[in-house]
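With chain A's structure known, arrange chain B on it following the hints.
Same order as they appear, the protein sequences are chains A and B.
Residue numbering for the first sequence is 1 to 197, as defined by the working numbering.
Residue numbering for the second sequence is 1 to 251, as defined by the working numbering.
Hints should not be assumed to be uniformly reliable.
[Unchecked claim] Listed below are the simulated SDA-like cross-link pairs for lysine to any residue, each with C-alpha atoms no more than 25 Å apart in a straight line:
hint	chain 1	residue 1	chain 2	residue 2
1	B	K158	A	P116
2	A	K85	A	F194
3	A	K104	B	K158
[Unchecked claim] Residues from chain B that keep clear of chain A, each with C-beta distances beyond 12 Å, as calculated:
hint	residue
4	G144
5	N174
6	E208
7	S226
In short, the hints are calculated from the structure, not lab data.
Keep in mind it's a predicted model, so treat the numbers as computed, not measured.
Where a beta carbon is used, it is the ideal one built from N, C-alpha and C, also for glycine.
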Amino acid sequence: MKTAIIKYNAGNIRSVLFALERLGVEATVTDDPETLISADKVIFPGVGEASTAMQYLRERKLDRLIRDLQQPVLGICLGMQLLCKHSEENNTDCIGIFDLPVKKFESPVENLLKIPQIGWNNITGLHSVIFEHVPQNAYMYFVHSYYAALGAETTAIANYVINYSAALQKDNFYAVQFHPEKSAEAGQRIIESFLKL
Amino acid sequence: MLTKRIIPCLDIKDGRTVKGVNFENIRDAGDPIELGALYAQQGADELVFLDITATNERRKTLSELVTRIARHVNIPFTVGGGIASVEDVNVLLNAGADKVSVNTAAFRDPGLLNSLSREFGSQCIVLAIDTRFEDGDWYVYLNGGRVKTDTRTVDWAKEAVDRGAGEILLTSMNNDGTKQGFALDITSRLSQDLHVPVIASGGAGTMEHFADVFEKAHADAALAASIFHYKEIGIPELKNYLYQRGIQIRF
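Here chain A stands alone, though its shape is the one from the complex:
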């Protein structure tokens, strides 16, 4: 099996690589179109800022390439947000697999809500094959200031004052807002389930 991680200007790729390594999977980090298209699984990770990342992807035509991928794709954190339609983060048009807006968390009362959300939060309403081995209310590690709204493609819900999409799925595209690569055993099982697709 060939697993490819999309190489672009958003960090955190190494953590994903190490998580795969712990599962005995060797992955290639690449922005080469051929390698990405021919991979069995593609992971689209990311920590960073939406507009800079989208600009980088567009310049290399990676946005279209990602949109056309046929194999299972897993977007993580910023990767998930970039798979949505539009992000409030510097008013950025994104790839648009998921027809959902990405908005910024807003504290209802000053300083009540710490932004970014940093830490472990539980996920509910799980209904995707990648959550097959994870119980309802499992805790995952989140670090983010922006969130994808709820929609028909939501496969897990988290709550941070409001309910939002902790995971999305449409066709061959899977996406999670949290970091499975940093979410202990539970996160590891999600990556495993994805790799088995």
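Chain B only, in chain A's frame:
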């Protein structure tokens, strides 16, 4: 619900944990990776590795160690100790650290926080403050608590957050090592004044101290070292206790 975090802190010197630890179920308690992995398995929510190596080789040793930790530990971890530049941070994040903590260098050159948050994002920049209460207020200390400043901790914390610090790791020197509980007043002030998470550190001696710092001082996370290393409090029993008290905790 977002949970409160329990964070064991490991002091590192020349790639080894410093404080004497005695765990039967690991082969080498001086090995930061084994100890870190054990804490992760026991339910620690994050780890902090604080490097106190003073030699010239420290940078290379530390980045190699960080990579080994990142390979083996499946929860987030922060690396701190002597970090003074964008390049230092770049090396550590590339090596696999999730966050870095800066202290004295950021105080001496506050612009460092702006540069770091611009370059890497606030979410991975933790500002560590060592503070002591005297003459009616809490003041910032530098160089591991050896150098006093005239700056009030609340003022520095606010400025640091404005400049891009994504979390505050607050250590009370008055409380550190006493096992009499965390500094609730200053932790509470910062938690309520700032829109970033506050990690309380220094003074943990009982499980009730953790409950107090979460309930009374609204800390987002609590850090401790020796009580975990010397097994005075086990992480599973601590989490169970906090859960029974109705505090949001991850199991």
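Taken at face value, is the distance from the CA of F194(A) to the CA of K85(A) at most 25 Å?
-> holds, 23 Å
Decide, holds or violated, for the assertion that all CB atoms of chain A are farther than 12 Å from the CB of S226(B).
-> At roughly 24 Å from the nearest Cβ of chain A, S226(B) sits farther out than 12 Å, so the non-interface label holds.
Non-interface claim for G144(B), where every Cβ of chain A lies beyond 12 Å = holds, 25 Å
Determine whether the non-interface label on N174(B) survives the test: each CB of chain A must be over 12 Å from its CB.
-> holds, 25 Å
Determine whether the non-interface label on E208(B) survives the test: each CB of chain A must be over 12 Å from its CB.
-> With a cut-off of 12 Å, E208(B) remains clear of chain A, as the shortest Cβ separation is near 22 Å.
Are K158(B) and P116(A) close enough, with their CA atoms no more than 25 Å apart?
-> holds, 16 Å
Take a quick look at whether K104(A) and K158(B) sit within 25 Å of each other, Cα to Cα.
-> Holds: K104(A) and K158(B) sit about 22 Å apart, inside 25 Å.
When each numbered hint is compared with the structure, no violation occurs for any of them.
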